[in-house]
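Protein chains in written order, with the working numbering: chain A, 13 to 293; chain B, 58 to 348.
Hint data in this document are derived by calculation from the structure and do not stem from the laboratory.
Hints may contain errors.
[Stated by the list, open to error] Here are the computed lysine to any residue pairs in the SDA-like style, where the Cα-Cα straight-line distance is at most 25 Å:
| id | chain 1 | residue 1 | chain 2 | residue 2 |
| --- | --- | --- | --- | --- |
| 1 | A | K41 | B | K249 |
| 2 | A | K100 | B | I182 |
| 3 | B | K235 | A | L103 |
| 4 | A | K41 | B | V167 |
| 5 | B | K261 | B | G165 |
| 6 | A | K219 | B | A75 |
| 7 | B | K134 | B | D241 |
| 8 | B | K235 | B | M176 |
| 9 | B | K124 | B | I182 |
| 10 | A | K100 | A | A182 |
| 11 | B | K235 | A | A128 |
| 12 | B | K276 | B | A180 |
| 13 | B | K235 | B | M344 |
| 14 | B | K342 | B | S266 |
| 15 | A | K219 | B | P178 |
| 16 | B | K249 | B | L202 |
| 17 | B | K276 | A | A128 |
| 18 | A | K41 | B | A75 |
| 19 | B | K235 | A | T223 |
| 20 | A | K41 | B | L162 |
| 21 | A | K219 | B | V181 |
| 22 | B | K276 | A | L103 |
| 23 | A | K219 | A | L103 |
| 24 | A | K41 | B | L329 |
| 25 | A | K219 | B | A180 |
| 26 | A | K219 | B | I182 |
| 27 | B | K235 | A | V43 |
| 28 | A | K41 | B | G165 |
| 29 | A | K219 | B | T185 |
| 30 | A | K219 | A | A115 |
| 31 | B | K261 | B | D241 |
| 32 | B | K135 | B | L329 |
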Amino acid sequence: MSIVFATGFWLVCWVVNASLARSRFAAQKSVRIAIPVLFGLAILALWQGIVTSLSVPEVILPAPRSIGVAIGANLPTLWADFVQTILKGALSGYILGAGSAVAVAILVDRVPFLRAGLLPIGNFVAALPIVGIAPIMVMWFGFDWQSKAAVVVVMVFFPVLVNMVAGLSASERMQRDLMATWGGTYWQTLVKLRLPAAMPFLFNGLKIAATLALIGAIVAENFGSPTVGMGFRISTAVGQLDLPLVWAEIAVAALAGSVFYGFVAALERAVTFWHPSQRGR
Amino acid sequence: MGPVLGVLAVIVAFWYGAAVWLNATWTYDQAARDGGTVTVALLLSDTMAQERPVLPPPHQVVGELWKGLTAFNVTSKKSLFYHGYVTLVATFSGFVLGSLLGIFLAVGIVQSRTMELGMMPWAVISQTIPVVAIAPMIVVLSNSLGFGDHLGVSNALVSKTIIAAYLSYFPVLVGMIKGLRSPDQMQLDQLKTYSASEVQGFFKLRLPSSVPYLFTSLKVGIAASLVGAIVGELPTGAIEGLGARMLIGSQFGSPIIVWAALFAAAILAGVLILIVRVLETVVTKRMGVRA
């Protein structure tokens with residue numbers, strides 16, 4: 013019975029979405045948000061309907077409702093894991109890694125030898141499976157969050173470096189000549205022209221790095237962690253077949269990842285408001 | 058090429074220096090226990106050849122890598138070829154699945170406005186979810202549902218394939234959407250004057266002009282897919298594959314094994330990207346693009 017209802021709800025959502033997308037309101041912001049939200053609700057309803065009507069065992073796929081109950085019942089645990097993995101591990105590593113990448117990029121840009129030598133290597137390393145350094149970092153820095161932050165630093169460093177170097181050469185010849193005719197020094201040109209011009213590229217790298225940071229922090233917990241942390245909790249909860257708790261952690265990870273990404277994207281909009289890709293929204 | 062080699066030489070020199078510095082503690086501890094003194098010569102020779110160094114010097118890593126590649130039969134479980142092959146199969150199947158998914162989703166999104174507005178935000182959100190959080194989940198699901206048994210492959214391969222596909226579909230999706238939208242208005246108008254149908258326009262104009270974009274994102278996708286296959290080997294307690302080698306090395310406290318597996322993975326990544334690049338050259342040349 014519930015599957016019929018769920019499928020019906022899903023169909024209604026699809027029809028509403030299709031008509032919304034074709035209507036003249038499609039350009040409005042509220043409609044642009046409403047369509048994916050409806051889409052997500054429809055999926056959730058379909059999920060709940062299938063699980064309850066086919067009585068899928070909880071060890072295979074728990075229903076959204078029992079995941080919600082698990083979230084409510086484990087709030088302190090979820091918060092502790094969030095602080096350990098996201099705030100201590102991922103965020104500190106992200107800031108350190110991105111910051112040093114920007115500094116190195118400025119250095120690379122200044123020294124032509126490094127530009128010719130370091131950049132191809134950086135490009136290559138950016139494509140490597142750097143998560144593999146996780147066991148080494150755990151050996152070096154111990155089980156606590158410092159080793160997770162170290163993994164994140166290395167993972168974040170190369171994408172940001174490559175993008176920032178590309179960004180520093182984004183200002184046009186004419187603009188740089190203009191700065192020269194005004195007698196601008198290297199540092200004045202850097203701060204007033206080239207750094208602002210590099211921002212769209214920098215944020216491109218920062219957005220890629222935002223997802224990598226969470227991956228690095230969670231993977232590193234597979235190689236040893238204190239008895240707190242999202243990766244640790246997920247693997248032990250899977251072992252105890254406590255699947256609602258696993259999905260609760262996944263939901264927190266998804267929320268944290270989306271908020272993190274959304275924050276970087278909002279910062280980008282604030283900093284690069286002048287760029288064509290941000291105009292007219 | 059010169060500057061690249063120069064920077065590489067500096068990195069190797071720095072690595073040797075760091076190896077002496079980091080491994081020295083162990084040498085001093087040993088000497089203090091035996092009551093001997095540490096001369097410079099002893100320090101240098103000992104830090105280069107420890108069994109469990111903090112940082113193995115490059116020649117130890119290369120030695121272990123070489124041993125793993127040549128000392129055993131390629132089907133032996135000690136051979137890095139064997140482990141590399143296990144990871145490669147998962148990488149490749151995940152890459153194919155993910156690329157196809159990305160291409161089909163892109164076609165749907167370009168053709169249907171509802172798909173675009175409804176799907177696209179979720180595709181973006183799916184990438185902000187750290188896949189490794191879901192990895193143990195996927196492993197359990199594919200074990201309990203037994204997809205692999207139906208398909209005649211191991212369940213571990215199924216879960217690794219899903220994780221690899223999850224990581225690789227997104228770059229392909231984004232690149233394909235960009236590529237399918239790359240024909241400009243003039244070209245679209247011209248097809249209209251030929252009274253070409255929607256389908257003809259798709260196959261004769263949109264699809265061919267998306268190929269360069271496709272290959273750019275395939276290169277990103279295959280690297281992501283390798284990461285997915287390695288990550289997928291970690292929570293399974295797998296005993297085969299490069300990710301499993303890293304896990305084993307870390308559990309036995311043997312850094313040289315971890316470093317060798319890491320380098321093997323790096324070589325694999327380089328080879329895979331090279332293959333896609335060769336494929337790109339061949340295809341674009343046949344399509345009449347002059348490089």
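Between B:K276 and A:A128, is the straight-line Cα distance small enough, at 25 Å or below?
holds, 22 Å
Hey, B:K249 versus B:L202, does the alpha-carbon distance stay inside 25 Å?
Violated. B:K249 to B:L202 sits at ~50 Å, over the 25 Å cutoff.
Given the hint that B:K261 pairs with B:G165, does the C-alpha gap stay at or below 25 Å?
Answer holds: B:K261 to B:G165 is near 17 Å, not above 25 Å.
So if I understand the rule, the pair passes when the alpha-carbon distance is 25 Å or less; does A:K219 with B:T185 pass?
Given pair A:K219, B:T185 holds - Cα atoms ~10 Å apart, limit 25 Å.
For B:K235 and A:V43, compute the direct alpha-carbon distance and say whether it is at most 25 Å.
holds, 24 Å
Does B:K235 pair with A:L103 here, judged by a C-alpha cut-off of 25 Å?
At roughly 31 Å apart (the allowed maximum being 25 Å), A:L103 and B:K235 break the hint.
Would you check the hint for A:K219 and A:L103, treating anything up to 25 Å between C-alpha atoms as holding?
holds, 13 Å
Pair hint A:K219 and B:A180, alpha-carbon separation not exceeding 25 Å:
holds, 15 Å
When you check the alpha-carbon spacing of A:K41 and B:V167, does it fall within 25 Å?
Since the Cα atoms of A:K41 and B:V167 sit roughly 21 Å apart, the hinted pair holds (cutoff 25 Å).
Are the Cα positions of B:K261 and B:D241 separated by 25 Å at most?
OK: B:K261 and B:D241 at ~14 Å, within 25 Å.
Hey, B:K276 versus B:A180, does the alpha-carbon distance stay inside 25 Å?
Given pair B:K276, B:A180 holds - Cα atoms ~19 Å apart, limit 25 Å.
Hinted pair A:K41 and B:G165, Cα distance within 25 Å
Holds, because 23 Å separates the two Cα atoms, which is no more than 25 Å.
Of the hints listed earlier, those the structure fails to meet are numbers 1, 3, 6, 7, 9, 10, 11, 16, 18, 22, 24, in rising order.
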